[in-house]
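> Can you build the whole structure from these sequences, using the hints too?
What follows is the residue order along each chain.
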Amino acid sequence: VPPRTPSTVCVSDVELVERARGGDDAAFGELVELHQGAVFRAAIAALRSRDEAEEVVQEAFLAAYRKLGDFRGESSFRTWLLTITWRKALDRRRSISEWLRRHVTPAADADPDRRPPDPPSPEQSHEQSLLERELRLHVRRVVRTLPPHFRDVLLLVATGDHTLDEIARVLGIPLGTVKWRASEGRRLLKRKLARLGYGNA
Amino acid sequence: MREDRPTPNDDTRLDHAIDQALHEMVSEAPPTGLSTRVRWLLLQDSVRRDTGAVGEQVAGGGPAWGGHAWGRRLVPAASALAVLLVAAMVWMLGPAGPGPDQRGSESPAATGTSARGTMIGPQGTSVGAAAQSRSGAPSRSVPSAGAAAPFLARAGVADAGGALGAVGGITPPAAAAETRIADAGGTNAATVPADVEEDPRFPQLVVVPLPTPEDVSLNPVQLHDVTIADIRIRPLEIAPLDASAAATAGAATSDKDPKREERQ
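If you're matching them up, the sequences are chains A and B in order. Going letter by letter, the first sequence gives residues 10 to 210 in the numbering used here. Going letter by letter, the second sequence gives residues 182 to 445 in the numbering used here.
No wet-lab data here; the hints were simulated from the structure. A few of these clues could be false.
[To be verified] With a straight-line Cα cutoff of 20 Å, these simulated EDC-like cross-link-like pairs (lysine to aspartate or glutamate) come out:
| id | chain 1 | residue 1 | chain 2 | residue 2 |
| --- | --- | --- | --- | --- |
| 1 | A | Lys76 | A | Asp33 |
| 2 | A | Lys188 | B | Asp226 |
| 3 | A | Lys201 | B | Asp200 |
| 4 | A | Lys199 | B | Asp226 |
| 5 | A | Lys76 | A | Asp60 |
[Said to hold, decoys possible] Just a few of them, taken from the derived set where beta-carbon distance is under 8 Å, the chain B residues facing chain A:
| id | residue |
| --- | --- |
| 6 | Met206 |
| 7 | Pro211 |
| 8 | Thr213 |
| 9 | Leu266 |
| 10 | Val267 |
[Claimed, not checked] According to the in silico footprint, chain A covers these stretches of chain B (three or more CB under 8 Å from chain A):
| id | segment |
| --- | --- |
| 11 | 198-205 |
| 12 | 214-224 |
Model, not experiment: these values are computed from the prediction. Ideal Cβ positions, reconstructed from N, Cα and C, are used throughout, including at glycine.
In structure tokens:
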């Protein structure tokens, strides 16, 4: 009986990468399954559009597959993959057509303002729930006006998928800078919200 | 209702709202089928690279060309010219209706399945045909589907929607060991020999036979969302039946395929 494709259940990334390098495409498929969520959310953080993020994720996985031989294991596979994704997302963000598209017709698909309102929790009154929703709406709008280097860090942290150290590697900046941007971005955000009547300046 | 609205002193609530809003901005689940599409792209890339390697060898590596730059430029130019000539001929001859011998002429590569596309292997046979024809061998034969099997098997799909059947898709033993889906939706699905179905080498052989030979249309049969990981196959979408095509297909299959009749 010829050997069957080895199982990929409960296998570490390192082993999956080794298998994929050896030509086992199922192993790479497993890596796709494992990391697609984190990769997609990182792309969303950069692009704020589901469609754009989806395109970038596909490009990133394809690039990772082609460059698998270049992966030296200096960081985790996930960090390496996220770095590729981030670069591709930034390329897309910087492109002139993207700039025009964003400024001429704002992306509707990622507009959280269009989401249906969350159902109020049992402890909240309807009015309270509406007020909190309004506040979150303002926060989202203000976040969009932040300088990209602050906004990127804040959103990457908010995914909950990455450590600060991983974010530093993905963005290619020192850990201290990530921490500073996170705190400064938040301070800036609060200051802008204060102008709208929320919290202290 | 002072306590209801965040006030200048209500920093905790504000912090909470900020965290929540930021999280909402990025807490998106990946779209359904994303990994399948990625795998499909990888498959296409794999096929492209494998067949591209043959092209490079001919174009630049052989002694006839001597690896000269002009040789490498000439071959694409000649290919482009050939494509133009073929296009001109097709235009002059005019559009022809699909015939029985044209089944399988569309492949995911040929139809230009987009990155967003969910259609996998509308005519799996031609995946074999396309891959094989690029390497110079005759297409539209059972061996051609077999030759494509290694590429297909890497993605866990063999001859999805294929007209030539699982036999062609899984014949090469090396590829067969990796094959997870063979001939899903294939016209000749019912012709899978009993010995293949019972062969322990094909534990995950999935056969989705079309209901009757009369349902076989010459239009592409679309197999949606083949998910490799858990071998889930969603319902087939069968294009409207063309009466003459059905008669042809029915005659063809009834002649060749007594086993199909037995099963039905």
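> Now tell me, hint by hint, if it's right for this structure.
Status of each hint after checking the structure:
1. Lys76(A) <-> Asp33(A): 15 Å, holds
2. Lys188(A) <-> Asp226(B): 39 Å, violated
3. Lys201(A) <-> Asp200(B): 15 Å, holds
4. Lys199(A) <-> Asp226(B): 47 Å, violated
5. Lys76(A) <-> Asp60(A): 24 Å, violated
6. Met206: It holds, given that the least Cβ distance between Met206(B) and chain A is near 6 Å, below 8 Å.
7. Pro211: 4 Å, holds
8. Thr213: Thr213(B) check fails; min Cβ-Cβ to chain A is 11 Å, beyond 8 Å.
9. Leu266: This interface hint is violated because 33 Å lies over the 8 Å limit.
10. Val267: 30 Å, violated
11. 198-205: n = 8 at 8 Å, threshold three: holds.
12. 214-224: Since three or more residues must qualify, the claim that chain A covers the segment 214-224 of chain B holds, with 8 doing so at under 8 Å.
Hint compliance for this structure: hints 2, 4, 5, 8, 9, 10 are not met, and every other hint is.
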